[in-house]
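Participant: Sequence:
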Amino acid sequence: MGKNNIYTTFDKIKDRHAKEIYLKQRGKVIWFTGLSGSGKTTLASQLEKRLFELNYFCQILDGDNVRSGINKNLRFTEEDRMENIRRIAEVSKLFMNCGIILICAFISPTNEMRDLARDIIGDDDFLEVFVNTPLNVCEQRDPKGLYKKARKGEIKNFTGISSPFEVPDQAFIEVDNTNPDIDASVREMLKQIIPEIRFDPISSL
Numbered sequence: 001m002g003k004n005n006i007y008t009t010f011d012k013i014k015d016r017h018a019k020e021i022y023l024k025q026r027g028k029v030i031w032f033t034g035l036s037g038s039g040k041t042t043l044a045s046q047l048e049k050r051l052f053e054l055n056y057f058c059q060i061l062d063g064d065n066v067r068s069g070i071n072k073n074l075r076f077t078e079e080d081r082m083e084n085i086r087r088i089a090e091v092s093k094l095f096m097n098c099g100i101i102l103i104c105a106f107i108s109p110t111n112e113m114r115d116l117a118r119d120i121i122g123d124d125d126f127l128e129v130f131v132n133t134p135l136n137v138c139e140q141r142d143p144k145g146l147y148k149k150a151r152k153g154e155i156k157n158f159t160g161i162s163s164p165f166e167v168p169d170q171a172f173i174e175v176d177n178t179n180p181d182i183d184a185s186v187r188e189m190l191k192q193i194i195p196e197i198r199f200d201p202i203s204s205l
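The sequence shown begins at 1 in UniProt numbering and counts up by one.
These are computed hints drawn from the structure, not numbers from a lab.
In this text, a Cβ means the ideal position worked out from N, Cα and C, and glycines have one as well.
Some clues are possibly wrong.
Ranges between beta-carbon positions, derived for each pair [as the list claims (entries may be wrong)]:
#, residue 1, residue 2, range
1, 55, 75, 33 to 43 angstroms
2, 122, 45, 23 to 33 angstroms
3, 167, 142, 15 to 25 angstroms
4, 164, 69, 26 to 36 angstroms
5, 166, 15, 32 to 42 angstroms
6, 145, 178, 15 to 25 angstroms
7, 22, 142, 42 to 52 angstroms
8, 191, 57, 15 to 25 angstroms
Assemble the whole structure, with the sequences as input and the hints as a guide.
Facilitator: Okay, structure coming up:
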């Protein structure tokens, strides 16, 4: 079946605005990027916890979880990593269009990958968070033992070792995750994120 035989139903279902009114929040995608071991998942989890306490409805998408499910057929070649990000961005957009706040935690090491996600999701709805943790700190943490394997050549195309990580050129927030006070880092993020997701009943009329 070709593309000419695909008929979307987006014009027949409740639109994003109606769902945002129902949830009393604005759907956004908060996209964490950084090296393996930089603390993306830890920060994303704590951010979700705080937003939930503030009555915001969120969903986390994490690299390992997605790789074990919807993207389990993909490897770590450059082409497959791009496809991994493309699928994640498309899924994120579907959630966002339901008024849900997506918190995504993916290495997404190049500007090209992040720009792909930004283009799919939309520039106004893509809040990029760069978890800026130096490589030597990530290696010291190495919670999964991946850096040791990469140094031995057991893992190919490993970001930071045999594959580059490009510093984001337009991050919405930059987090110094060498700071041991995770709560303080989350509070600083919330100051910038809340205005983006806060529901304004007047503007919704």
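Participant: If a hint holds in the structure, say so; if it does not, say that too.
Facilitator: Results for each hint:
1. 55 to 75: 33 to 43 angstroms: 40 angstroms, holds
2. 122 to 45: 23 to 33 angstroms: Given a distance of about 25 angstroms, which is inside 23 to 33 angstroms, the answer is holds.
3. 167 to 142: 15 to 25 angstroms: The hinted range 15 to 25 angstroms holds for residue 167 and residue 142, with Cβ atoms some 21 angstroms apart.
4. 164 to 69: 26 to 36 angstroms: At 27 angstroms between Cβs, range holds.
5. 166 to 15: 32 to 42 angstroms: 36 angstroms, holds
6. 145 to 178: 15 to 25 angstroms: 21 angstroms, holds
7. 22 to 142: 42 to 52 angstroms: Check passed, 43 angstroms falls within 42 to 52 angstroms.
8. 191 to 57: 15 to 25 angstroms: Given a distance of about 20 angstroms, which is inside 15 to 25 angstroms, the answer is holds.
In summary, the structure agrees with every hint in the numbered list given earlier.
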